[in-house]
Amino acid sequence: MSESSPRRTRRWRVLGYAAGALLLLALLLVAGTYLAVRAWGPEFARERLDAALTEALGRPTRVEYISIQPWFGRVVIGDVTAAALPGEPGPHFFKLGRLNVNFAISSLWQRRLVLRSIQVDDLDLAIHAGGGPPLREIPIIPEVVRAGPVEVKLGTIQLRRVRLVYDDTANATRIRAQDVAASVTPGRDAMSATVTAREVGIDVDTIHERAEQLAADVRILPTRLEIRRVAATWEKARVRAAGRVDGPFDRTRIDLTVRGDVDVANVGRRVGVTMPLAGVVKVEARVDGPAAAPRVAADVAFDELTAGPVKARTGKAHVALADGVLSVTRLEAQAFDGGVNGELTVELAHLDRSQARIAARGVAVAALEALVGTKTGITGRVDTFV
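One point on numbering: in our numbering, the residue at position 92 of the sequence shown is 92, and numbering is uninterrupted.
Derived from the structure by calculation, the hints contain no laboratory data.
Misleading hints may appear alongside valid ones.
Below, in silico cross-link-like pairs of lysine-lysine (BS3-like), each with a Cα-Cα straight-line distance of 30 angstroms or less [as the list claims (entries may be wrong)]:
id	residue 1	residue 2
1	Lys236	Lys282
2	Lys311	Lys236
3	Lys236	Lys153
4	Lys282	Lys316
5	Lys282	Lys311
6	Lys95	Lys153
Simulated DEER-style distance windows between Cβ atoms [said to hold, decoys possible]:
id	residue 1	residue 2	range
7	Thr194	Gln334	39 to 45 angstroms
8	Asp250	Asp352	18 to 24 angstroms
9	Arg251	Thr54	43 to 49 angstroms
10	Asp50	Ala293	43 to 49 angstroms
11	Ala292	Ile358	43 to 49 angstroms
12	Ala172	Thr314	23 to 29 angstroms
Keep in mind the model is a prediction, meaning the values are calculated, not measured.
Even glycine gets a Cβ: it sits at the ideal position worked out from N, Cα and C.
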């Protein structure tokens, strides 16, 4: 027998002790979770939840089933329906397909119920602003809440396949979101959330906007949204933004930095431009002020742009919109086989008051003839100022 045999024997003995200790720890964790669910599970009895939710929401609420799964440290609540009140549209305020409540083993030694996570699946929620005071603040979910006699510490809240509708008829406002997924971290003064949605629609008075494939990282306060990052597809182009929204439901003001590529043909159709447009414009903009009439200041650039018979290349400009006045300054582009620069001011309510200053350098006469549809027989290039 070699001298190394005792060392190998001791090594395997140590490994065996370590494996046994890990197995014992795993069994303790499983048993502890089982006991925690057995101890706190009765608080989730269906009748108690029906009564607690009805009282908390102020509307009849029905829970169809509850499944207590001690070995998984989980309680499953399914098919929850809260009825709509008289005067509210729709048969229900919300419908919930499934709610998974995952317990933490620390519920055993803490004098409260500790939840590792809450998973919400297939929620259909319709909020109607009529019939009561308008919504002015975003409800904040705290880290610790009370449910009857029980104190509950909340973990991460995860949502999947959610449909949300907010309808304020008095203020002609409707917001809807389809196929929403989110991860929300509760907090005493603010919440953090990452959100994705297949489609979001916003209708305010005559403004009707739609965005698809939205992804956002947001800090949520009662009267403010701090947008760390949001990206969405708008008019078939990917747009990214960051900033803040103050008073989301009351005298909303925005302060956003927006970047993206805009297809001018799609935008032209939206605003009723009949002239054929083609091209993609790169935009970097600052949008701030009241949401109904914000100020916009943007730097735009393009490689190729077509507006009717006019074609331009390698262009850039600064565009501003404020108080109904659109101004274009520092305009530079290659057009008519030459160079063009200038500025433009348009009062949107009084187009007859528009002002423009355009300077052209080295413009080909042939290109100008093609624009006006005539032949002069003159060749060469000209400089002009209008």
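### Query
Does the structure break any of the earlier hints, and which numbers would those be?
When the structure is compared with the hints, numbers 3, 8, 9, 11 and 12 turn out to be violated.
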